[in-house]
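Visitor: Okay, here's what each chain looks like letter by letter:
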Amino acid sequence: MVIVEFLIKLSQGFGIGALALATGLLFGGIGRKIMARIQRRYGPPFTQNFMDLFKLLSKGSVSHGWAFDLGLVAGFAPMLAALMFLPIGPFTLLPSDSSLIMIVYLMMMAYLGMAMGVLASGNPNSAIGMSRALMLMVGYEVPFAAVIFSVYLFSKTGYLTQIVTQQAGGFMNWNIVKMPLGFLATEIALQGMLGEKPFDQAIAPAEIASGPMVELGGKYLGFGMIQHSVGLFLETGIVVDLFLGGAPNFWIFIAKQFVLYFIVILVDAILPRLRIHEATSFFWKLPLFLGILQAVIVIIQGGVLNV
Amino acid sequence: MNSLLALLIVPVIGSAAAAVLQRYRLVERLITFLTFSVTFLFLFEIKIGDILTWHLDFLGKNLEMGLQITPLSIFMLYMTIAFGIVLTFYNLSERSKMKGFLLLLTLAASNWIFMSTDLIGFFFAWELMGWSSILMIFGGKREEESRHGALYYAMMSIGGSYSMLIGIFLLSNLTGTFSIQSNVSYLTLILGLHPWWVLGIVSLFFVAFMVKSGIFPFHTWVPHTYGEAPDGFVPYLSSVMSKYGVYGFLIFLPLTSGAHVPSVLGLAWPNYVLLWFGSVTAVAGSVLAFMQDDVKKLFAYSSFSNLGFILAAIALFTPIGLTAGMFHAFNHLLFNGAIFITVIAVISKVGTTRMSEMGGIWQKMPLTFLTFFVGIAAAAGIPPFAGFGSKWMIFQAMISHGLIFATVLLFFASIASFLYLMRAFHAIFLGQLSHKYDNVKEVSAIGKITEVFLLGALIFFGILPGFVLDPINSIVNSFGLKPLPTSGYEYINGFFSSINMVSIFIVVIVTFIFGFALFAVVAKHKKVPQEDNYTAGQIPQDWNLTPEMYQFSYDFYEPMDKELAPFLKVKIDGFFKGFGESVEYIGEAIKEIFTGNVQIYTYLAVGGLVIFVIAGWVVW
Amino acid sequence: MIDFLQNWIYLTGSMALVGIGLYIVLTNTNIFRIIVGLNIIDSGTNLFIVTIAWHPKSVMPIYTATNNLVVNGHVISADPLPQSLVLTAIVIGLGTTALALAIAVKIYQKYGTLDVRKIKEEDR
Amino acid sequence: MKTYNLAALLVGVPLLMAFSIPLFGFISKQLAKWITVLTLGFEFFFGLYIFFWHIYPFNVIMGNWVPPFGENLYIGPFATVLIILVSFVGLMISIYNLWSANHGDVVHFALLFLMFVGGSIGLISTGDIFNIFIFMEITGISSFALAAYGPERRALGGAFKYLVISSIGSTLYLFGVLLIYTQLGTLNIAEIAARISQTTSGLLTFAGILLVAGLAVEAELFPFNGWVPDTYTGAVNPVSATLSGIGSVGGIYVLFRILMTVFGKDGNFVSTYGNMDLMALVAILGSATVVIGELSALVQKNVKKMLAYSSMAQMGLVAIGFSIGSKLGAYAGVFQLVNHSIAKAMMFLILGVIVSFGIGEHIEDMKGLWYKSPFLTLAFTIGALSLLGLPLFGGFWSKFALVDASIQRGGWYDFVIAIVLFASVVEAFYYLRIVGYMFTSKPTSTDKIKVSISPAVPIVAFSILIVAIGIFPQIVGGISWNAAHELTDKMGGYVLNVIPTIVGH
Amino acid sequence: MSEWTEIVDYFRGRSMWMLHYCTGCGAIELPPTMTSRWDMERFGITPMATPRQADILLITGYLAIKTLKRVIYTYEQMQAPKWVLGFGSCTINGGIYWDSYNVIERLDKYIPVDIYIAGCMPRPEAILDAFVKLKEMVQMGEAKGYEKYVKNYDWYKANQDKVLKRTSPVLKEIEKVTKIG
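Chains as they are written, first to last, in this note's numbering: chain A, -6 to 300; chain B, 39 to 658; chain C, 33 to 156; chain D, 19 to 523; chain E, 185 to 365.
Keep in mind that the hints were calculated from the coordinates and are not lab data. Heads up, some of the hints might be wrong.
Subject to a maximum C-alpha distance of 27 Å in a straight line, what follows is the list of computed DSS-like cross-link-like pairs (lysine-lysine) [to be verified]: (1) 152(C) <-> 460(D); (2) 179(B) <-> 460(D); (3) 328(E) <-> 564(B); (4) 346(E) <-> 562(B); (5) 387(B) <-> 466(D); (6) 293(E) <-> 250(E); (7) 335(E) <-> 562(B); (8) 565(B) <-> 332(E); (9) 341(E) <-> 562(B); (10) 629(B) <-> 150(C); (11) 150(C) <-> 319(D); (12) 565(B) <-> 317(E); (13) 20(D) <-> 179(B); (14) 629(B) <-> 89(C); (15) 278(A) <-> 609(B); (16) 332(E) <-> 562(B); (17) 278(A) <-> 629(B); (18) 564(B) <-> 335(E); (19) 346(E) <-> 332(E); (20) 179(B) <-> 466(D); (21) 335(E) <-> 346(E); (22) 565(B) <-> 335(E); (23) 466(D) <-> 615(B).
Pairwise CB distance ranges, derived in the manner of DEER restraints [to be verified]: (24) 508(B) <-> 485(D): 23 to 29 Å; (25) 65(C) <-> 619(B): 41 to 47 Å; (26) 85(B) <-> 245(A): 23 to 29 Å; (27) 648(B) <-> 108(C): 33 to 39 Å; (28) 101(C) <-> 81(D): 21 to 27 Å; (29) 89(A) <-> 85(B): 44 to 50 Å; (30) 63(B) <-> 282(A): 57 to 63 Å; (31) 649(B) <-> 518(D): 38 to 44 Å; (32) 473(B) <-> 268(A): 31 to 37 Å; (33) 35(A) <-> 347(E): 53 to 59 Å; (34) 277(E) <-> 35(A): 40 to 46 Å; (35) 232(B) <-> 71(D): 50 to 56 Å; (36) 48(C) <-> 649(B): 18 to 24 Å; (37) 248(A) <-> 606(B): 43 to 49 Å.
This structure is a prediction, so every number in the text was calculated from the model and none was measured. C-beta atoms are modelled at their ideal positions from N, C-alpha and C, and glycine is treated no differently.
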């Protein structure tokens, strides 16, 4: 019985992964299209990212040793694992463990694995890129944490599923209405999380030869792309669950995610790249202020929890 | 023989034997290891509530001294002795200059600290632990620096323990007893009447504990000392010895739990202050750590940063806070031990502690690399390894009190810990392998066994935290708090949510399997040597490009310096150093009194006499 | 008790000797002069000891038929004890002086100077 | 009043043997050295006999002249513990001398040494303040001569400085004694003690100041301790050990015998006489001594000089302990005195062994001693840690008691103890620095030091004693408590034991 | 199996990532090709930063011998399948440098060139045309330059060595060079 359940879950998980990957790739393609249109280009087809991924997975590549391989897999697997705890619309694969901080830390393991892989290549460009990525992470995770904690305090629960349930019943129940400042902070943090301009220091192609990815080719780059796409889905999904009240079905969920991503793309299209220390300190100023302010408001509104 | 006494006697006997036989290094190490093991065996003999008292004819009184086993002390004993066994086992193959007899004295002291029911015994053991560890640090590799580090530690530690000494007597003069329990209950009794007075005394104690744990602003000795201590001893120093402070805090923390003192966000304000000390420590440690190039110093900072987490959590003194703090203490012991043991393994092979001179060791020491990887993953709080659960609980404990600023600070420290861990990981193991290290070999069989054991422990306690949480719950219970509900070995129950670690583990494993499968299915890769690297078209051989030149690990987070510069200007280290220097300056001046000229001495004597006579005249 | 303050002239003398000795010790840099100063201090002390035992109206402290030691219930004899004390003190002073002189000679041999300011080692 | 006249041998035997040593010296130089060992061994076992059979407190009556009329020796608990201490330290140093005093005027060295120890024992046991002066001079003259021994010229300079300051000090002491005599007409300590509160003459306070000043020279209290660094450094190491382990013990003993027994009031708190609190004066001197001694030692690079300064500072610590005036304070003082005496004597002896192997006294020369001789390094470490008051060693308990006493006394002693503890941290720094040099660095030459049996015996004995006291503080604790009782309860503890018929107050 | 190969080739043709090795003046033609006027991204062609990621090596001008050495190194660092585009007359016959002592005349003597773009300079239209041609060739499975390189490696190597040995005297003074760095 347990095995059957496990197999069901396994197949469901596989499905979720595929869906997330597809959505992520599609979003990427749409993003490129939108970007092209903003720049008055025709742009690649929506499906360009699928073709790119397919090509990458079929292309030859070089490996710098087993740590390189392990790192790439370790960069991809935990992201997929984190996905399993995300409420996607009404459906959550493992609702009992969908603790928000846990998901955040699983995502970090993905970064850790990715970092291990790219650093094992021994290329200084990847090291510089990784160092920038990590410094940026110190920036955006702090306001994001403030927001997470204020949501915790507001919802009095740490389960994403329950946070979603609490927002049921219409637009006015959404956390975006109740915690607008927090949403704003999250939206800015999301820009950094997705590594879009002005926060794309880590993979500055003309500057440090695409940073962490400098030695990645073929399937390794493909894995990186999968990680990025799933990460895109996951991160926007978390924000949707946190602030936009989840969704009654999958399509609305994706639509909401897309709205978020659309904002990110628009910002990406019009802003130049900051220097890394400017970016980091930017996150410690406005977004952190917003996040903390939100938390303080929540504390004042709700009073301190009784322990 | 009484097993409680055996916990003190056996290490002392072992210490004497090791001291006599210290000329034969292997025998000495074997004795050290065996003594730890035998002491551990005696642990099975004791149970909670065991008590042993004796009387000491001292100070003209018949003072009662005693040993007692509480849930907390047995937890600490198991933790520290077990770690000691692992470390001494590892040291069997290490050629570090650690003196086993001092380590065993430290063990005796530590056992006594955890069991003592009276302040005399506590202070005795505290000082014993202090000096034996100081002498141990003298054996470091870099001689000037290790001396400096040990003296720094000695000054702070002795200063701290004198502060505690004053506290002990201020207390015992009021109560007329040295018993810890009656003194604490006395303090609890009068806390409402004289809060400032009680807190004054308690803070005298806390200074000693803060020094030992390296809590801000007494953290400055930590990098100097950890950085220079003998390699074989550093893991013990950072994993075990920093926990004495935690134990000490836990003695006095029940004070404010039931008292009527002003509170901040539902937290008694002394605890609130303590929590801030913890948070600031966590941040300071993390921030300072990622500026480091010396690997031992880096993890020294990391160590006290984690102690900040622990302090912040136990300062809450709620069931979840206490559980989280103790759990993190355990996890810190584990992952810090793993990290430091692997680090010293690498140091012993490459012969330097500067990270910018290492790199690429993973190719030579794969098992060490894996252990280190899991260690830092645990240290960064990544599920499903040990270390995640406790950090996760700490955040929940903090946020459940609405302590948003402190929580954000701690989260920042946690992310920053990710930074320095990554930096160490990169600089030591990843990147380019220098030709200097072509002959580096994996650790010996003993080292491998140790590493596999630690690796296993990190995963085991990560996915089955209940084995640690159960004893912690009984500790929480013994403090009169309601322990968190338990629902099986695989569950961690937080305030806001609970997590089934096994299911997370399974999910991660499945995704990993899937990842590897995908990796194997898609197009093949080919293995290339390290020189075949993107060099913007330049051919490395043509330009004598050595791996060291192609390794970026020095000043890894240089851009951050700009942002953090204002905070780094606050130099507490400099304060202590300046203080020391001015004392020395005064000493130079005072020394000039003794000029060597007998007439000056006569003048002094006659002058002194005249002053006394005049003073006597005036007073009379 | 004999009120020794009556012997103010001897008292002043002894104090003056101590003062002079001290002055010599403090102001002269020559070792021998310092020893002489110490000796003068000794003499002053000895004089003081003798002084406290005696005053002009006292009689000798030997009981004979004609020598009344007690008049009207007051002891009027000189105190014999300080006499014995002073002998000890003189002997001790002599010993000290002799030793000091011996050391002074050796100092002159080894250091080549009698200046106390120069009798010291470099590393202080 | 208990009498035990045989105990006069305690003073008589060493002095007699001292002056007969030249005779033995004619036979063999070695014999002269063995005579010191035997004599001091006799003293030590006599002391132990007195201690273990609990015959103390008792008097020794000279020629049936009952005190206060005759001269007497009084051996109470305080004297007993100090006699055992002094004779033990003396015995150990004389065993050490069997090996170290090999050239020069060995016979007269033995004479002077024995005379010094005998004088010290006399000083401790006598019951008469003028006799104290005589014994002080005996120890003084012998110690000047001892200090002048040695091949180096700095010994002479040190001895001369000691001589000058000590002469002035003893003159001051003598003046004090005479002033007391003029007021009370007696020299017997017990009688003075009993009658001192009958009179309120200002001259007595003046006498007290003179006595404190005179005795502070021997007790090494600032500003009367100018001689300490030069003399200790100049003298050969066994002599430094003697001065530090025996000489200062006598000085402290007399100082507090006079302040607490003579000037003390009955009861727990003592020593205000008139309005001038002599104990407070000593406490100030002691604090100043501790601070100045430790800070001067801090910047020293010469280990021997460092030990000298540290000696000074430790005596300050002892003085502070006694000056608290309570029973606990006196207890701490006695305890600390014992610990310091043992540890410091041992450290000087170790330094002597080190120096005799051609290694210098400079701190840099201590490098890598651990690799040359673990035995000496461990012993030195034990001594240093004991002085620092770290556990497992005797010093822990005495510092513990000292802090306890100060804090119980309260008032401005809180400030004093803060200074003391600060100075202790400084002390910890420089001692641990030496220990650090010994442990860390590789030596430049790796010649092993083979310590022969004769210097090893005292060093081992001292170390074992230190550790034994550290583990079982009762060894010293019990008798120290009795001694503290003797000092603080002057009528019951001292006066009535000497003159049972006296009417106090 | 051939269907699978066809599918793969189809996608490869639709997603070609380009590493432009910009020597000489040809680089000036690439910005208009990439940006809104001509927009080569619509064919799925994007510029890449490193040879590991790239499918196309676009060489935009004359190649001095020293440059050739780096081009070959870069080419060998790229992973199969990979294609080379020779851009401008310089890569075909040396162009205006036809008689220079240190500029090679024909690129395909040293590495296999799949498509040459003639012209001095070729316009962006020509470049796009070449891309489209290359795409068709890839999708037809005709662009097999990289296989040719493996098959005839000895020949290429001999040609390379013949010219490259002239570079060695310059590069032998390594000490001087590395000292500066």
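Visitor: The structure should be examined with respect to each hint, and the outcome stated for every one.
Guide: Verification of the supplied hints:
With a CA separation close to 33 Å, the supplied pair residue 152(C) and residue 460(D) exceeds the 27 Å bound. Taking the CA atoms of residue 179(B) and residue 460(D), the gap is about 10 Å. The hint holds against a cut of 27 Å. Of the pairs offered as hints, the one joining residue 328(E) and residue 564(B) holds, with about 20 Å between alpha carbons and a cut-off of 27 Å not exceeded. Of the pairs offered as hints, the one joining residue 346(E) and residue 562(B) is violated, with about 34 Å between alpha carbons and a cut-off of 27 Å exceeded.
A hinted pair counts as satisfied when its Cα atoms are at most 27 Å apart, and residue 387(B) with residue 466(D) does not qualify at roughly 31 Å. Note on residue 293(E) and residue 250(E): the hinted pairing holds, with a Cα-Cα distance of about 16 Å set against a maximum of 27 Å. Taking the CA atoms of residue 335(E) and residue 562(B), the gap is about 20 Å. The hint holds against a cut of 27 Å. As the CA atoms of residue 565(B) and residue 332(E) are separated by approximately 22 Å, the hinted pair is consistent with the 27 Å bound.
Between residue 341(E) and residue 562(B) the CA atoms are separated by roughly 26 Å; this keeps the pair inside 27 Å, and the hint holds. Of the pairs offered as hints, the one joining residue 629(B) and residue 150(C) holds, with about 18 Å between alpha carbons and a cut-off of 27 Å not exceeded. A distance of roughly 22 Å separates the Cα atoms of residue 150(C) and residue 319(D); the hinted pair therefore holds under the 27 Å criterion. As the CA atoms of residue 565(B) and residue 317(E) are separated by approximately 33 Å, the hinted pair breaks the 27 Å bound.
Of the pairs offered as hints, the one joining residue 20(D) and residue 179(B) is violated, with about 64 Å between alpha carbons and a cut-off of 27 Å exceeded. With a C-alpha separation of about 55 Å, the suggested pairing of residue 629(B) with residue 89(C) is violated against the 27 Å cut-off. Restraint check for residue 278(A) and residue 609(B): the C-alpha separation of about 24 Å stays at or below 27 Å, so the hint holds. Taking the CA atoms of residue 332(E) and residue 562(B), the gap is near 20 Å; set against the 27 Å cutoff, the hint holds.
A distance of roughly 54 Å separates the Cα atoms of residue 278(A) and residue 629(B); the hinted pair therefore is violated under the 27 Å criterion. Taking the CA atoms of residue 564(B) and residue 335(E), the gap is near 18 Å; set against the 27 Å cutoff, the hint holds. For the proposed pair residue 346(E) and residue 332(E), the alpha carbon gap of about 20 Å is at most 27 Å, so the pair holds. Restraint check: the Cα-Cα separation between residue 179(B) and residue 466(D) comes to about 22 Å, which is no more than 27 Å; the hinted pair holds.
This hinted pair checks out: residue 335(E) and residue 346(E) have alpha carbons roughly 19 Å apart, not beyond 27 Å. This hinted pair checks out: residue 565(B) and residue 335(E) have alpha carbons roughly 21 Å apart, not beyond 27 Å. For a cut-off of 27 Å, the pair hint linking residue 466(D) to residue 615(B) is broken: about 37 Å separates their Cα positions. At roughly 42 Å, the beta-carbon separation of residue 508(B) and residue 485(D) lies outside the given 23 to 29 Å, and the hint is violated.
Checking the proposed 41 to 47 Å range against residue 65(C) and residue 619(B) shows it holds: the Cβ atoms sit about 43 Å from each other. For residue 85(B) paired with residue 245(A), a C-beta distance near 60 Å fails the hint of 23 to 29 Å. The beta-carbon spacing between residue 648(B) and residue 108(C), approximately 37 Å, falls within the hinted interval of 33 to 39 Å. For the pair residue 101(C) and residue 81(D), the supplied restraint of 21 to 27 Å holds, since their beta-carbon distance comes to about 23 Å.
Look at residue 89(A) against residue 85(B): about 36 Å separates their beta carbons, and that is not inside 44 to 50 Å. Separated by about 59 Å at the C-beta atoms, residue 63(B) and residue 282(A) satisfy the suggested range of 57 to 63 Å. In this structure the supplied range 38 to 44 Å holds for residue 649(B) paired with residue 518(D), their Cβ-Cβ distance being about 41 Å. Separated by about 35 Å at the C-beta atoms, residue 473(B) and residue 268(A) satisfy the suggested range of 31 to 37 Å.
For the pair residue 35(A) and residue 347(E), the beta carbons lie near 42 Å from each other, so the given range of 53 to 59 Å is not met. Distance hint check for residue 277(E) and residue 35(A): the Cβ-Cβ separation is about 35 Å, which falls outside the suggested range of 40 to 46 Å. For residue 232(B) and residue 71(D), the hinted distance range of 50 to 56 Å is satisfied, since their beta carbons lie about 51 Å from each other. About 22 Å separates the C-beta atoms of residue 48(C) and residue 649(B), a value consistent with the hinted range of 18 to 24 Å.
The beta-carbon spacing between residue 248(A) and residue 606(B), approximately 47 Å, falls within the hinted interval of 43 to 49 Å.
Checked against the numbered hints given earlier, this structure breaks hints 1, 4, 5, 12, 13, 14, 17, 23, 24, 26, 29, 33 and 34; the rest are met.
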